[in-house]
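**Student:** The whole structure should be built from the sequences, with the hints applied where relevant.
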Amino acid sequence: GENVEQHPSTLSVQEGDSAVIKCTYSDSASNYFPWYKQELGKRPQLIIDIRSNVGEKKDQRIAVTLNKTAKHFSLHITETQPEDSAVYFCAASGGSNYKLTFGKGTLLTVNP
Amino acid sequence: KAGVTQTPRYLIKTRGQQVTLSCSPISGHRSVSWYQQTPGQGLQFLFEYFSETQRNKGNFPGRFSGRQFSNSRSEMNVSTLELGDSALYLCASSLSRGQAGETQYFGPGTRLLVL
Chain A
1 GENVEQHPST LSVQEGDSAV IKCTYSDSAS NYFPWYKQEL GKRPQLIIDI RSNVGEKKDQ
61 RIAVTLNKTA KHFSLHITET QPEDSAVYFC AASGGSNYKL TFGKGTLLTV NP
Chain B
1 KAGVTQTPRY LIKTRGQQVT LSCSPISGHR SVSWYQQTPG QGLQFLFEYF SETQRNKGNF
61 PGRFSGRQFS NSRSEMNVST LELGDSALYL CASSLSRGQA GETQYFGPGT RLLVL
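Chains as they are written, first to last, in our numbering: chain A, 1 to 112; chain B, 1 to 115.
In short, the hints are calculated from the structure, not lab data.
Be aware that one or more of the hints could be misleading.
[What the hints assert, rightly or not] As a list, the in silico DSBU-like pairs of lysine-lysine whose alpha-carbon atoms are at most 35 Å apart:
#	chain 1	residue 1	chain 2	residue 2
1	A	Lys22	B	Lys57
2	A	Lys58	A	Lys68
3	A	Lys104	B	Lys57
4	A	Lys71	B	Lys13
5	A	Lys37	B	Lys57
6	B	Lys1	A	Lys42
7	B	Lys1	A	Lys37
8	A	Lys42	A	Lys68
9	A	Lys42	A	Lys104
10	B	Lys13	A	Lys57
11	A	Lys42	B	Lys13
12	A	Lys22	A	Lys71
13	A	Lys58	A	Lys71
14	A	Lys68	B	Lys13
**Tutor:** Okay, here's the thing in structure tokens:
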């Protein structure tokens, strides 16, 4: 089955810096890669997603890149703000697989 | 549109008991997936239902079961509870136009504590 590895597990940055979180997946049939943000005590919320027919997608300060050949995708947050502090999860699904397989999560702390 | 809702939000049970959790998807969404979230294992897939049929199942023992009703609402049941079943149980719904790789929207979760 699909396996998703996520790094780093914790990331601390200064406000205004950029943050990058990387994920690799194992199933070449996967074609959908969402990123979720989960604040303490709250539900995971979709922040951006990308499909395998696209190499990059951007939404304001957030961008995701996908390298299908290497089977890895990354989340980029620019001009970080304290409210970006949360746990971020990457996930993969697709092919005959209706489930989301999640990475272990990255705890991002943005220091003011 | 109202988001995904789950009831109850919090639950305390003792070992050996059983529990039923409920999930109401976003209106018009036909697929419901269930996930278990724990600090050690992260988010793990339990099962997914579409049109009252289980399409996918994760690697959990048979004590974990679920079902979906004709209005797309779903329930999951855990029998003979163990201490290790303490977790946040999340459900997620998607439109499901018959293809894999669709956006899933999560409910607030049910936090289960087994004593």
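**Student:** Each of the hints needs a verdict: does it hold here or not?
**Tutor:** Now the hints, each set against the structure:
no. : hint                    : result
1   : Lys22(A) with Lys57(B)  : 27 Å, holds
2   : Lys58(A) with Lys68(A)  : 18 Å, holds
3   : Lys104(A) with Lys57(B) : 20 Å, holds
4   : Lys71(A) with Lys13(B)  : 42 Å, violated
5   : Lys37(A) with Lys57(B)  : 25 Å, holds
6   : Lys1(B) with Lys42(A)   : 19 Å, holds
7   : Lys1(B) with Lys37(A)   : 21 Å, holds
8   : Lys42(A) with Lys68(A)  : 32 Å, holds
9   : Lys42(A) with Lys104(A) : 17 Å, holds
10  : Lys13(B) with Lys57(A)  : 44 Å, violated
11  : Lys42(A) with Lys13(B)  : 22 Å, holds
12  : Lys22(A) with Lys71(A)  : 11 Å, holds
13  : Lys58(A) with Lys71(A)  : 19 Å, holds
14  : Lys68(A) with Lys13(B)  : 45 Å, violated
Hints 4, 10 and 14 from the earlier list are contradicted by this structure; the remaining hints agree with it.
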